[in-house]
Amino acid sequence: GQSLEQPSEVTAVEGAIVQINCTYQTSGFYGLSWYQQHDGGAPTFLSYNALDGLEETGRFSSFLSRSDSYGYLLLQELQMKDSASYFCAVINSGAGSYQLTFGKGTKLSVIP
Amino acid sequence: NAGVTQTPKFRVLKTGQSMTLLCAQDMNHEYMYWYRQDPGMGLRLIHYSVGEGTTAKGEVPDGYNVSRLKKQNFLLGLESAAPSQTSVYFCASNPTGGSNQPQHFGDGTRLSIL
Chain A
35 GQSLEQPSEV
45 TAVEGAIVQI
55 NCTYQTSGFY
65 GLSWYQQHDG
75 GAPTFLSYNA
85 LDGLEETGRF
95 SSFLSRSDSY
105 GYLLLQELQM
115 KDSASYFCAV
125 INSGAGSYQL
135 TFGKGTKLSV
145 IP
Chain B
221 NAGVTQTPKF
231 RVLKTGQSMT
241 LLCAQDMNHE
251 YMYWYRQDPG
261 MGLRLIHYSV
271 GEGTTAKGEV
281 PDGYNVSRLK
291 KQNFLLGLES
301 AAPSQTSVYF
311 CASNPTGGSN
321 QPQHFGDGTR
331 LSIL
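Chains as they are written, first to last, in our numbering: chain A, 35 to 146; chain B, 221 to 334.
These are computed hints drawn from the structure, not numbers from a lab.
Treat the hints with care, since some could be wrong.
Stated by the list, open to error - The list that follows gives simulated cross-link-like pairs (lysine-lysine, DSSO-like), each with its CA atoms no further than 30 Å apart:
1. B/229 x A/138
2. B/290 x B/229
3. B/290 x B/277
4. A/141 x A/115
5. B/277 x A/115
6. A/115 x A/138
7. B/277 x B/229
8. B/229 x B/291
9. A/138 x B/234
10. B/234 x B/277
11. A/141 x B/229
12. B/229 x A/115
13. B/277 x B/291
Stated by the list, open to error - Reference excerpt, derived from the structure (chain B facing chain A, CB under 7 Å, subset only):
14. 260
15. 262
16. 263
17. 304
18. 306
19. 308
20. 317
21. 322
22. 325
23. 327
Claimed, not checked - Sample of chain B residues with no beta-carbon within 12 Å of chain A, all distances over it, derived:
24. 285
25. 298
26. 299
Because the structure is a prediction, the values reported are computed rather than measured.
No residue lacks a Cβ here, since even glycine has one placed at the ideal position from N, Cα and C.
With the hints as constraints, model all of the structure from the sequences given.
Below you can see the structure in the form of structure tokens.
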């Protein structure tokens, strides 16, 4: 089976940096993705890591360590609009296609 | 470009009723997916399709059927709705199912079964 663990809630101050961790157990691992979802909205893609290391996209960075089955999403210069749920998702292969298995999500609250 | 469009956006059903949720994408994507999202549970894959005329089961397929008669459309059916199927349903698509390709989600259908 597959399992992902991420904190259920995180609170951080506007302008600060926050890290959301994700640990996973899976077979046929190909990569780790992160999605953002505002309340009542659709999930939107943030990042993808297939190899160990850090990927940076603007204020957001994502890290993967395949040997530790661990990744994190780093949000810098937090803004109020970053208040949302963040989901890590492992990409693995099954039945000839790649599939996403999502974690339960981390609700980030950014406070003034 | 509309992207991924889901209809209806909201629906209330009585136990035992049937309905079909429609997902349409205008990006010429091969792969399409149906997920359900329950509070505190993240998204769980119900069924998916790797191309026109194909469907496959995901993690939680029981009680649902799907069809992909046209490449742009992916239908999710509930034959006999149950309260346990109260959820928010999301459709997604991606170009060719590659591991590095993001999934593009619709805005969701909020379904309540009484």
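Each hint tested on the structure:
Proximity of residue 229 of chain B to residue 138 of chain A is assessed by CA-CA distance (about 23 Å); at most 30 Å being required, the pair is judged to hold. Between residue 290 of chain B and residue 229 of chain B, the direct Cα distance comes to roughly 21 Å. Compliance with the 30 Å bound is thereby established for this hinted pair. Of the pairs offered as hints, the one joining residue 290 of chain B and residue 277 of chain B holds, with about 18 Å between alpha carbons and a cut-off of 30 Å not exceeded. Distance check on the hinted pair: residue 141 of chain A and residue 115 of chain A sit about 13 Å apart at the alpha-carbon level, within 30 Å; holds.
For the given pair, residue 277 of chain B sits about 36 Å from residue 115 of chain A by alpha-carbon distance, which is inconsistent with the 30 Å threshold. Between residue 115 of chain A and residue 138 of chain A, the direct Cα distance comes to roughly 21 Å. Compliance with the 30 Å bound is thereby established for this hinted pair. Restraint check for residue 277 of chain B and residue 229 of chain B: the C-alpha separation of about 24 Å stays at or below 30 Å, so the hint holds. Annotation: proposed proximity of residue 229 of chain B to residue 291 of chain B holds, straight-line Cα distance about 22 Å (limit 30 Å).
Only pairs whose Cα atoms come within 30 Å are accepted, and residue 138 of chain A paired with residue 234 of chain B is accepted, the gap being roughly 28 Å. For a cut-off of 30 Å, the pair hint linking residue 234 of chain B to residue 277 of chain B stands: about 25 Å separates their Cα positions. Proximity of residue 141 of chain A to residue 229 of chain B is assessed by CA-CA distance (about 24 Å); at most 30 Å being required, the pair is judged to hold. With a C-alpha separation of about 24 Å, the suggested pairing of residue 229 of chain B with residue 115 of chain A holds against the 30 Å cut-off.
Taking the CA atoms of residue 277 of chain B and residue 291 of chain B, the gap is about 18 Å. The hint holds against a cut of 30 Å. For residue 260 of chain B, the suggested interface contact is upheld, since its CB lies about 6 Å from the closest CB of chain A, less than 7 Å. Hint on residue 262 of chain B holds. Least Cβ distance to chain A is approximately 4 Å, under the 7 Å limit. About 5 Å separates the beta-carbon of residue 263 of chain B from the nearest beta-carbon of chain A, less than 7 Å, and the hint is met.
A hinted interface residue such as residue 304 of chain B counts as satisfied when its beta carbon comes closer than 7 Å to some beta carbon of chain A; here the least separation is about 18 Å, so the hint is violated. Evaluation of the residue 306 of chain B hint against chain A yields a violated restraint, the C-beta minimum of about 16 Å exceeding 7 Å. Annotation: residue 308 of chain B was flagged as interfacial toward chain A, and the flag is violated, the nearest CB pair being 9 Å apart, outside 7 Å. For the restraint placing residue 317 of chain B at the interface with chain A, the shortest Cβ-Cβ distance is roughly 5 Å, inside the 7 Å limit, so the hint holds.
The restraint placing residue 322 of chain B at the interface with chain A holds, with a minimum CB-CB distance near 3 Å, inside the 7 Å limit. Against a cut-off of 7 Å between C-beta atoms, the interface hint on residue 325 of chain B holds, since the closest Cβ of chain A lies about 4 Å away. Here the hint on residue 327 of chain B is kept, as its CB sits about 5 Å from the closest CB of chain A, short of 7 Å. The beta carbon of residue 285 of chain B is kept farther than 12 Å from every beta carbon of chain A, the shortest such distance being approximately 18 Å.
Every CB of chain A lies more than 12 Å from the CB of residue 298 of chain B, the least distance being 21 Å, so the non-interface label holds. Residue 299 of chain B, annotated as away from the interface, keeps every beta carbon of chain A farther than 12 Å; the closest lies near 24 Å.
Violation of the numbered hints given earlier is confined to hints 5, 17, 18, 19; the remaining hints are satisfied by the structure.
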